[in-house]
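Enquirer: As a plain string of letters, each chain reads:
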Amino acid sequence: MSDQVPATFDDFLRGVWRENPVVVQMLGLCPTLAVTNSVANGLAMAMATAFVLLGSNLLVSSLKKWIPHEVRITSYVLIIATFVTIADMLLEAAVPVVHKQLGPFVALIVVNCIILGRAEAFASRQSVKRSLLDALGTAAGFTLVLVLLSAVRELLGTGALLGIDLLGPRFEPWVIMVLPPGGFLTLGVVMLVLGWHAKRSTGRANGEGAA
Amino acid sequence: MSDLTWILLSALLINNFTLTLFLGLCPFFGVTSKTETALRLGTANVFVMVITSTSVWFLNRFILANAPYLRIISFIIVIASLVQIVEMAIKKLSPTLFRALGIYLPLITTNCAIFGLAIFQTNRGYDLWQGLAFAVGAGLGLTLALALMASIRERLDLADVPSAAQGFGLSLIIASCLALAFMGFAGLGAG
Amino acid sequence: MSAGHAHGAPPEMEPAPAVPSWRLLATLGFAGALAGGLIVTVYSATLPRIEAHRAELVESAVREVLKAPARWDTLYLEGGVLTKTPSAGADRRQLERVFLGYTASDSVIGAAVTAGEPGFSDVISLIFGLEPTRGTLLGMKVLAHKETPGLGDKIEKTPFTSRFDGPATPLRGVKSAPSTPNDLQTITGATISSRTVVNIINNATSRWQPLLQAYLRGGTP
Numbered sequence: 001m002s003d004q005v006p007a008t009f010d011d012f013l014r015g016v017w018r019e020n021p022v023v024v025q026m027l028g029l030c031p032t033l034a035v036t037n038s039v040a041n042g043l044a045m046a047m048a049t050a051f052v053l054l055g056s057n058l059l060v061s062s063l064k065k066w067i068p069h070e071v072r073i074t075s076y077v078l079i080i081a082t083f084v085t086i087a088d089m090l091l092e093a094a095v096p097v098v099h100k101q102l103g104p105f106v107a108l109i110v111v112n113c114i115i116l117g118r119a120e121a122f123a124s125r126q127s128v129k130r131s132l133l134d135a136l137g138t139a140a141g142f143t144l145v146l147v148l149l150s151a152v153r154e155l156l157g158t159g160a161l162l163g164i165d166l167l168g169p170r171f172e173p174w175v176i177m178v179l180p181p182g183g184f185l186t187l188g189v190v191m192l193v194l195g196w197h198a199k200r201s202t203g204r205a206n207g208e209g210a211a
Numbered sequence: 212m213s214d215l216t217w218i219l220l221s222a223l224l225i226n227n228f229t230l231t232l233f234l235g236l237c238p239f240f241g242v243t244s245k246t247e248t249a250l251r252l253g254t255a256n257v258f259v260m261v262i263t264s265t266s267v268w269f270l271n272r273f274i275l276a277n278a279p280y281l282r283i284i285s286f287i288i289v290i291a292s293l294v295q296i297v298e299m300a301i302k303k304l305s306p307t308l309f310r311a312l313g314i315y316l317p318l319i320t321t322n323c324a325i326f327g328l329a330i331f332q333t334n335r336g337y338d339l340w341q342g343l344a345f346a347v348g349a350g351l352g353l354t355l356a357l358a359l360m361a362s363i364r365e366r367l368d369l370a371d372v373p374s375a376a377q378g379f380g381l382s383l384i385i386a387s388c389l390a391l392a393f394m395g396f397a398g399l400g401a402g
Numbered sequence: 403m404s405a406g407h408a409h410g411a412p413p414e415m416e417p418a419p420a421v422p423s424w425r426l427l428a429t430l431g432f433a434g435a436l437a438g439g440l441i442v443t444v445y446s447a448t449l450p451r452i453e454a455h456r457a458e459l460v461e462s463a464v465r466e467v468l469k470a471p472a473r474w475d476t477l478y479l480e481g482g483v484l485t486k487t488p489s490a491g492a493d494r495r496q497l498e499r500v501f502l503g504y505t506a507s508d509s510v511i512g513a514a515v516t517a518g519e520p521g522f523s524d525v526i527s528l529i530f531g532l533e534p535t536r537g538t539l540l541g542m543k544v545l546a547h548k549e550t551p552g553l554g555d556k557i558e559k560t561p562f563t564s565r566f567d568g569p570a571t572p573l574r575g576v577k578s579a580p581s582t583p584n585d586l587q588t589i590t591g592a593t594i595s596s597r598t599v600v601n602i603i604n605n606a607t608s609r610w611q612p613l614l615q616a617y618l619r620g621g622t623p
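Residue numbers (our numbering), protein chains in the order written: chain A, 1 to 211; chain P, 212 to 402; chain D, 403 to 623.
Simulated from the structure, these hints should not be mistaken for lab results.
Treat the hints with care, since some could be wrong.
Incomplete in silico selection of chain A near chain D, CB under 10 Å [stated by the list, open to error]:
1. W66
2. E92
3. K100
Negatives, chain D to chain A, calculated, CB over 12 Å [what the hints assert, rightly or not]:
4. P422
5. A428
6. H455
7. A470
8. T485
9. T538
10. K543
11. P561
12. K577
13. D585
14. I594
15. P612
16. Q615
17. L618
A virtual CB, placed ideally from N, CA and C, is assigned to each residue, including glycine.
So here's chain A without its partners, still in its complex pose (with noise of 0.2 Å):
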């Protein structure tokens, strides 16, 4: 069974490079471009959704025998709302300015693709090992792509990072990269990024074979 393989480096891996829940498999948008107005509120949603991953894929892999088929994906569901009710207090509790800057988005964890996909797709059938890996790297990859985003938007925009001024008083902030439009522009400009560069190795991978 899949129990028998082993939990390798790659399981972690997987998730942070060439399956990136984001950039690779574009889930998990909506928190992406919502709260990456400012790096503090992008590592905040980062960790809370870091939080409920590795709960959910810890409970789903080691439930995994006990979880009839036909209910699944409503046990997926519940347990994945009991994190996250779990995630919203906590933050409430720890760090409640950081709360009241994310507010609604906080809750929406629950809906994010990335989470019940890693349950469905992986925590259901693994080992309890390898699905933590899985959920530590696709976190770690969630948490590279908001906080790129976090600080190009948050720098851009208000000069800043993490409140800390950088650019100087004569920098004219592009407001605009902090409001909505500047969330899709700056994902937008990734993506053509990466795929320009996917097709430059692509290209150059054939050009060698062809020489």
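With chain A held as given, fit chains P and D onto it using these hints.
Expert: Using the frame of chain A, we list chains P and D on its own:
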């Protein structure tokens, strides 16, 4: 401007669900290759949103008043079950309507626009009528965004796009322009 | 529990290899119980801190707009009348409320009133201090808004906020320096946002001032 009109206009244009709140992006980027499909999906969305809004109001008013911590769980489960029941009912009662909307219903049940509607409505403390105005506005706003995106894409099929830009990246840039245009609606509701 | 019975109809209706339906129900029941148990545990663990944060937020806002009162009463609006003690059956969370602040010598400073209306992009909500007898303002603090960063968000910063210390209601938004006690200078580049703030205060004052006056006539403590 009356309260209800503002809520409707706000969800439809000023704070459009898809273009400024980023809700319902999956269908926005996934299902919008044809205007016809986009309109149908949008209509199904309005329909589900109205059901959602009503049931969320009911839950908040009568069941969850003293248990706010059960909101997320009960919303997601009640919405999912309810849409399923409605789907079965439509299938039985009106095959025509089912053919038009049916296949989209399960698709949008766990869509973040639906759940977002439930959460926003709760956070803002809307009553039944405000909730309904919000649902209709949000649903039409989503339909509008889907239809705009789909019609641009239909035209784009005929355009000569650099190969690196084909696909998702380009859609995001288009969405960015649409969002920029929708920012022009700001100030519509202020007296 | 509300999660449990929503499952009366299992979501997947296709004929499946026979798993008895009691097992499906038992699984969901168990998952529901587990979920409920976890949530309630965390809820009761975090509730004190969450409530403390919320109370602190209200407290600091009231303190700010009422110029550091010695103490204040929370007044609830019930049946068109302000009262310190709503009837037993009423849910206090559902009632609108204002905060009436007193000096150390028990004379009324004014009331902190929360209000909100649509601004440039979304609802602006704020709290302001109102001296109910003369109708002058004591201070204003924006609680939540989504106005444009760099333009509309000036409504939550000085010098704009400091202009609400002293003017008389009804306010009149003006573009230049004020010439009468009712004038309030709006922000260039954020005309709609700042005019909305003025409108919110005027509307809330005309609604709450008579109620507050009636309450004060009815007997101050």
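Enquirer: Please go over all the hints and tell whether each is borne out by the structure.
Expert: Okay, the hints, checked on the actual structure:
For W66 of chain A, the interface hint holds, the least distance from its beta-carbon to any beta-carbon of chain D being 7 Å, beneath 10 Å. Because the closest C-beta pair between E92 of chain A and chain D is about 5 Å apart, less than 10 Å, the hint holds. Because the smallest distance between the Cβ of K100 of chain A and any Cβ of chain D comes to about 8 Å, under 10 Å, the interface hint for this residue holds. Annotated as non-interface, P422 of chain D brings its C-beta within 12 Å of a C-beta of chain A; the closest such distance is 9 Å.
Not every CB of chain A is more than 12 Å from the CB of A428 of chain D (nearest about 9 Å), against its label as outside the interface. The beta carbon of H455 of chain D is not kept farther than 12 Å from every beta carbon of chain A, the shortest such distance being approximately 4 Å. Separation of A470 of chain D from chain A is adequate, the least Cβ-Cβ distance of about 23 Å exceeding the 12 Å criterion. No Cβ of chain A comes within 12 Å of the Cβ of T485 of chain D; the nearest lies about 30 Å off, and the non-interface call holds.
Every CB of chain A lies more than 12 Å from the CB of T538 of chain D, the least distance being 31 Å, so the non-interface label holds. Every Cβ of chain A is farther than 12 Å from the Cβ of K543 of chain D; the closest lies at roughly 15 Å, confirming the non-interface assignment. Distance check for P561 of chain D against chain A: the nearest CB is about 19 Å away, which clears 12 Å, and the non-interface claim stands. Here K577 of chain D stays apart from chain A, with its beta-carbon at least about 23 Å from theirs, past the 12 Å limit.
The beta carbon of D585 of chain D sits about 30 Å from the closest Cβ of chain A, which is more than 12 Å, so the claim that it is off the interface holds. Every CB of chain A lies more than 12 Å from the CB of I594 of chain D, the least distance being 16 Å, so the non-interface label holds. Interface exclusion of P612 of chain D from chain A stands, the closest Cβ pair being 33 Å apart, more than 12 Å. Every CB of chain A is more than 12 Å from the CB of Q615 of chain D (nearest about 34 Å), matching its label as outside the interface.
Annotated as non-interface, L618 of chain D keeps its C-beta farther than 12 Å from every C-beta of chain A; the closest such distance is 34 Å.
Checked against the numbered hints given earlier, the structure breaks hints 4, 5, 6 and satisfies all the rest.
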